[in-house]
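Throw the hints in and build the complete structure from the sequences for me.
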Amino acid sequence: MDDRRVNWLCRVVAGLVIIFLVAPLAVIVIASFTPTALITFPPQGFSLKWYANVFQGSTHFMEGLANSLKLGLIATGIDVFLGVFAALSVCRYDFKGKNALLNYFTSPMYVPSVAFAFVLLQVYSQIGGVPGMARLLIGHLVIILPYIVRNTVSVLHVFNWTLEDAATSLGAGPAQVFFRITLPLAKPGVLAGALLAFLYSFDEVALSSLLSTPRFVTLPIRIMNYMELTFDPTLAAISTLLIVASLVLILLMERFVGLDMFVK
Amino acid sequence: MATLELKGLTKRFGAFTAVDGMDLLVAQGEMIALLGGSGCGKTTTLRMIAGFTEPSEGTILVDGTDVGRIPPYKRNIGIFFQNYALFPHMTVFENVAFGLKLQKCPKGEISRRVEEILTLVKLTGLDRRYPRELSGGQQQRVALARALVTRPSILLLDEPLSNLDAKLRLEMQVEIKRIQRELGITTIIVTHDHEEAVSLADRVIVMNEGRILQIGTPQEIFDRPASPFVADFMGFSTFLHGRAGGPPREGKRPILCGERTLWVAQAAAEELGSDEECLLAIRSENMALAGEPGENVFPGRVESMTYKGHTTRLEVSGCFDEPVFPALREIPGSKEGDEVLVHFPCQKICVYKAENN
Amino acid sequence: MERRRQAALLALPAALALLVFFLIPMGYIFFRTVGNDGVADFAAFFRDPFYLDILWTTLRVSLISTGLSLVLGYPAAYYMARTRSRVRKWMMIVILFPFLVSAVVRSYGWMVILGANGLLNQALMALGVIARPLKLLNTEGAVVIGMIHLLIPYMILSLVGVLQSIDPNVEYAAYSLGATPAQTFRKVVFPLSLPGVLSGCVLVFTMSMTSYVTPKLLGGSKFRMMATMVVQEINVNFDWSAASAVSYILLGVILAVQVVIVLLTSGYMKRMGGGKNG
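Protein chains in written order, with this note's numbering: chain A, 1 to 264; chain B, 1 to 357; chain C, 1 to 278.
One should not assume that every hint holds.
[As the list claims (entries may be wrong)] Cut-off 27 Å, straight-line C-alpha distance, at most; resulting in silico cross-link-like pairs (DSSO-like, lysine-lysine):
#: 1; chain 1: B; residue 1: Lys74; chain 2: C; residue 2: Lys89
#: 2; chain 1: B; residue 1: Lys101; chain 2: C; residue 2: Lys135
#: 3; chain 1: C; residue 1: Lys135; chain 2: C; residue 2: Lys222
#: 4; chain 1: B; residue 1: Lys107; chain 2: C; residue 2: Lys187
#: 5; chain 1: B; residue 1: Lys104; chain 2: C; residue 2: Lys187
#: 6; chain 1: B; residue 1: Lys104; chain 2: B; residue 2: Lys122
#: 7; chain 1: A; residue 1: Lys187; chain 2: C; residue 2: Lys89
Honestly, the hints are just simulated from the structure, not real lab data.
Quick look at the structure:
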């Protein structure tokens, strides 16, 4: 059918978009194996020395990674509790102003993180004595909460609440209902939200640029600082490691919860 | 208003053959029903005629012209979708006027023709509503009006009545038939409901696994299904295994079913050799309870009774090896566990060779 | 009443956390800024061509990035929404995968490609198209490319959802009534996908207005957008009053865009609300 021309156009654009999306990442992976400090294409030879460099103390990459992981995991861990309870409160019960409450929970999304970071900076300078990690943690707790709330709500929104009644009628207590029925069914939304929240925290730069102290620096800031001083393939090596981690993560997600959660 | 001819129409999806070498000639103004279960290829056939799906093999001729290379938007074929597929962002008027606007009709003519067709489907006064503000039956009539207003040469209806409740369904059956007659439009209706097919169509085509099993008038299909499969699909409830026995007598042939001898019409058993295994089929409503023993009357025990409103359906065992399911118009005096006599009218029994099964 | 108390109890921790760590600081600093002659700072912003230029650059880059993301993302999303599930699954993986990779890493990839000694310049010189490296990096173009790369997955994901929910039969119905593919798109598919187009555009526009990493890494030190300006005022110029003016104006623009979009679309959304697609 004549539809084919449309189909063909869409397919070509889709292909180009995919190439566009993947190309910079592919370039990084290839560049990470060049033996020379100047990245040339095609690479002249093969070397793993930049990977060795990543793990050297002088780059502080591993220390940054540990900080970023710690920050991301703690913030996400706390917010999963806050967010899932918050989502339950606005989905499970019917009351006036529940939309306003939901908007309140997601409001940090509408505030530029740079503006919020600056506000926190001013508050900290007034109070004084807030330690390095807490300075960032408070900011991250706020900015990633909306992701968890929104993704959990999107599942609970279409949740069949009579299942809870059914479980109760079969003799399950409130806790059993929550852990055996509600939570397992809401799991894809909670997981997708937690993943997005963690990644947002892990990648966050604007807050960290303003709030981090020399004692607590996250990985993205370490990479950016390194970039300003030395532009060698060590950057490609650490980037490749992050790319591979993302790829593994996405394949695991696809395998265990499916990716449809990300389609709005 | 056109003739439609399918020649060796075939559609394969990978290893799966959805439609397998279909041949069909539809006369001008005729109404044809494609009848079959889900996955029988009826909807794929419809989509190929409309041009949404390309045939793997075969040709589609409209008025003798091959339309294979013509894109769907130039075929002038009206189509009614099972889920109506109304444009949700347009009013009833805009939905119906859509095709006319594309044909660059003058404004005055558009409103006149839309009004005309809305009157025909009894939807006047609703033209400013959006589809979601209408009931199912109203949406369905909008879809019908939208498909008809451009005066297509062929009208395709995909399960037009399946989403409606019983009362509305009956009303719309009459309506569709009336409109189709009035406009004299060549129509193909796809359905899985045999009652819908026989009450609407001039000819019924029974399909299974991409092939045509039987073509005939509603009467033929309803009373004389060509195979046990078609019989089952047409609502025959009672199937009996038997064997041809003895010489014919007075236009009847005896069939041995276990201990009993059942007489069937000679014409129905023409193809049966002597002693050949066979399968008999009979509709529920063609069996009746008898007052006294006689030809084709056998005793049995009522296992269960289900009241169905205008009929009562019994399950009776003991007449033959298989249970039989008579449906009675009047409520019988007997109850579950009672012995009854069941009459099997010999003219109403269909006979098939056993290997056909 | 019992249920009300349960709801309140569940909502309380998150509500309290946001109140203490978000609402109170935002409000406190806002009123303090206004109290400390902040209004004069806002006025100064709008009188200074330097700042106005930054605001205009930010708006321009964001609008171009949003427009291009839509133009490129729409066909890709349409293809995804209508293709077989296996192809769709792999496209999902390929689109979501860069989406998970840090913005710093993705910008770095473009630096390797677009730099003076980058892949593109090397290739063009090897082919003899150019004699000397072109300045590709540290330009507005580089920022737009990086921005689209960063944000087009959001656009595609917003669009795939609505496009999937459009009944394919509605498109077939349009064909059968004589609409060409182009007419079907203009009169049926696009209007029905508007909710996704809008949410995608608002999302991409907002994120590019506030983005920090991409303009900083791909735009170079002389290229300024609102977010990079805030950090520069604080970390380089130590001018906190200018920083607060810039950050509140950025916040204001974003909230204004949200409000305008909500007002513009509420009528249409209401009309489409619960619309029966099939």
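>> Tell me if the straight-line CA distance from Lys101 of chain B to Lys135 of chain C falls inside 27 Å.
In response: 52 Å, violated
> Is the Cα-Cα distance between Lys187 of chain A and Lys89 of chain C 27 Å or less?
Replying inline: 20 Å, holds
> CA of Lys74 of chain B to CA of Lys89 of chain C, is that 27 Å or under?
Replying inline: 34 Å, violated
>> Check the hint pairing Lys107 of chain B with Lys187 of chain C against an upper bound of 27 Å on the C-alpha distance.
In response: 18 Å, holds
> Within 27 Å, alpha carbon to alpha carbon, are Lys135 of chain C and Lys222 of chain C?
Replying inline: With a Cα-Cα distance of about 14 Å, the restraint between Lys135 of chain C and Lys222 of chain C holds, given a limit of 27 Å.
> Given the proposed pairing of Lys104 of chain B with Lys122 of chain B, does the C-alpha separation stay at or below 27 Å?
Replying inline: 26 Å, holds
>> Between the alpha carbons of Lys104 of chain B and Lys187 of chain C, is the straight-line distance 27 Å or under?
In response: OK: Lys104 of chain B and Lys187 of chain C at ~15 Å, within 27 Å.
Hint compliance for this structure: hints 1, 2 are broken, all remaining hints hold.
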